[in-house]
Amino acid sequence: MNRVLKSAERKISIIFILLAIGYLILSYQLPPYPFVPVDSDFVPKVLGFLLIALSIILFFNSNPKEQEEKKSNISRQDLRILLFVTALIILYISLLEIIGFVIVSMLFIFSCSWMLGYKNFKVNAIVSLLFPVTLFYIFNYLLQINLPSGILPF
Amino acid sequence: MNTLEGLWQGFQVAFSLEGIFFVFIGVTIGTLIGMLPGLGPITAIAIMIPMVYGMDPTIAMVLMAGVYYGAVFGGSTSSILLNAPGVSGTVATSFDGYPMAQQGKAGKALAIAAIASFTGGTVSIILLMLFAPTLAQVAVSFGPVEYFALMFMGLVAISSLSDGSAIKALISGVLGFMAVTIGIDAQTGTPRFTFGNSNLLEGVDFLVVALGLFALAEVAFLIKNRNNIGVDKTQNIGSLKLTKQDFKEMTGPLLRHSPLGFILGVLPGAGATIASFISYMTEKRFSKKPEEFGKGSVKGLTAPETSNNAATSGAFVPLLSLGIPGSGTTAIMLGALLVLGINPGPLLFQDHPEVFWGVVASMYVGNVFLLVLNLPLIPYIAKILKIPRPLLISLIIMFCMIGVYSISFNIFDLYLLLAFGLVGYLFRLFAFPAPPFILAFILGGMMEQSLRQALTISNGDFMILVESPIAIGLFILSFLSFAFPFIKTRKIQKV
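Those sequence lines, one after another, are chains R and A. Taking our numbering, the leading residue of the first sequence gets 1, the next gets one more, and so forth. Taking our numbering, the leading residue of the second sequence gets 1, the next gets one more, and so forth.
No wet-lab data here; the hints were simulated from the structure. Hints should not be assumed to be uniformly reliable.
Unchecked claim - To spell it out: a stretch of chain A is covered by chain R in this simulated footprint if at least three of its residues, at any positions, have a beta carbon under 8 Å from a beta carbon of chain R; those stretches are: (1) 187-199; (2) 213-224; (3) 388-400; (4) 409-418; (5) 440-454.
Note that the Cβ used here is the ideal one computed from N, Cα and C, for glycine as well.
Using the sequences and the hints, build the whole thing.
Okay, structure coming up:
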């Protein structure tokens with residue numbers, strides 16, 4: 001039996017129960033609306049209790065199928081890379097409207113590919129130059145969707 | 001409008017310059033994305049949505065349908081060549097396809113897969129054309145009670161039939177339903193779970209959920225596996241030619257699994273993955289030489305390939321005629337349709353017949369494209385597998401973000417996208433299936449509406465739910481499909 005996944009599942013079910021309780025508290029605070037037979041709080045309340053019930057089943061569940069599942073192990077290095085990519089994404093999002101789509105995307109593609117281990121400088125530079133420019137052109141001129149141009153004059 | 005008239009109209013759409021162009025684009029993009037291990041039809045369709053935004057709905061639908069079955073088709077290529085299924089619907093294809101490729105008969109395997117996909121797809125489109133309008137006629141009389149029962153069944157079915165634990169699938173469904181309750185309640189105008197954040201008043205955009213939960217989460221796994229690109233140098237794929245003997249062996253499975261796959265595709269919750277496995281198992285069980293299976297059997301390759309493509313078209317029946325998706329992928333399609341301003345369902349045949357018939361006709365064209373264009377081009381197309389993973393990953397991430405931004409123009413939605421990406425990643429890490437989440441997210445809002453409409457009609461009396469015989473039948477079916485996995489595990493335990 002896979003102890004690790006099992007205990008992880010118990011932790012997850014407790015997290016879900018807490019989530020459901022929070023959701024239920026908010027549901028009970030919803031203001032009533034007098035002119036309908038079923039108010040906006042009905043379905044959320046059902047869902048909240050359903051999630052609690054299901055999480056309790058998950059907690060005590062000893063389905064033989066799950067014990068076969070492999071433990072997905074993330075190495076420390078993978079985790080670092082994932083966190084780094086996440087940080088890059090956050091940076092991308094926060095700078096998108098300030099610096100503009102083309103430049104931010106160029107920097108993002110180049111640095112993200114580089115960090116993920118792509119060391120072919122030339123190809124990387126060409127791709128990160130061509131893709132954002134082409135996309136910007138397609139979106140702004142063909143699809144008429146204006147992406148933020150930011151500090152670039154066009 | 002009768003079938004022939006409709007089909008005529010449909011072919012006018014499909015054979016227009018625009019139609020042919022977008023079918024071609026759709027199947028090509030679908031094939032390319034489907035081929036990449038890890039990226040499936042859901043991601044392919046979700047990425048396409050921002051592109052079709054503002055397009056003519058029929059053409060947009062034609063394009064996305066092409067992406068869908070193109071992705072299933074493309075998945076088989078990487079299953080055969082790399083033993084790395086691009087799509088879960090083609091896992092069974094690798095059982096006999098990869099051994100065949102290892103024996104130096106990759107070309108033959110690809111040809112068989114292409115012919116099987118073509119046959120399965122085409123037969124199933126004929127069935128779709130015959131069934132969907134009839135079903136829609138029945139569904140015109142459906143009221144909120146029947147719709148509620150129908151959607152309830154769809155949700156329960158996908159939870160009980162998805163891979164892994166049924167409890168986890170149900171939890172995933174409930175969480176998806178919870179996510180859609182965020183925002184202003186349509187009936188009373190009460191803001192729910194918005195924490196006073198004005199960005200949440202309109203609710204979470206479905207594209208944010210779709211791209212986050214599927215595309216970004218898949219990217220996270222690509223990052224983990226970025227180094228094991230299993231492409232063998234310049235693999236010699238061998239001749240594409242099939243012998244008479246091969247065709248003879250294929251005939252049986254082709255005839256059997258086209259209708260079987262279609263039926264499994266129509267059923268809510270089943271879909272291409274389950275269809276391909278069931279087909280593979282039945283073919284093996286009824287084979288005179290079961291020992292050949294898994295070692296490069298022609299029959300063992302034909303059966304799942306026929307079935308998964310047949311199921312893909314079958315899945316359009318409930319989507320187009322009832323407006324109710326039966327799987328994660330068709331849920332995304334429904335979301336896309338709604339974005340385009342089309343409400344699929346029985347009224348679609350009256351209001352927008354050109355959408356239905358255009359899609360049907362384009363599917364014939366698309367399947368022919370897949371066969372005649374891709375078959376000779378497969379060795380070249382397979383080169384996409386050599387694109388360096390790091391570049392691919394960066395491009396996909398950027399594409400997801402621009403996809404969301406170009407629809408909402410809101411930075412807040414991008415952070416939300418990242419959050420859903422994290423949720424999707426954790427889901428996969430702990431083996432929670434994501435399709436029930438997206439299906440519940442799409443169906444949840446509609447379910448709540450129809451439930452409350454029904455209860456408004458009955459003035460709050462819950463008995464109205466069990467007064468319609470159709471609804472009772474559907475509730476019984478939901479119960480049965482829910483009980484099924486438990487009975488199944490019991491049996492396995494006994495054996």
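Hints versus structure:
With 6 residues carrying a beta carbon less than 8 Å from a beta carbon of chain R, the region 187-199 of chain A meets the three-residue requirement, and the given coverage holds. Coverage of the region 213-224 of chain A by chain R holds [criterion: at least 3 residues with CB-CB distance below 8 Å; count 3]. Residues of the region 388-400 of chain A with a Cβ under 8 Å from some Cβ of chain R number 9, which satisfies the need for three, so the listed coverage holds. With 4 residues having a Cβ less than 8 Å from any Cβ of chain R, the region 409-418 of chain A passes the three-residue criterion, so the hint holds.
Figure legend: the region 440-454 of chain A, annotated as covered by chain R; annotation consistent (3 residues with Cβ-Cβ distances under 8 Å, at least 3 required).
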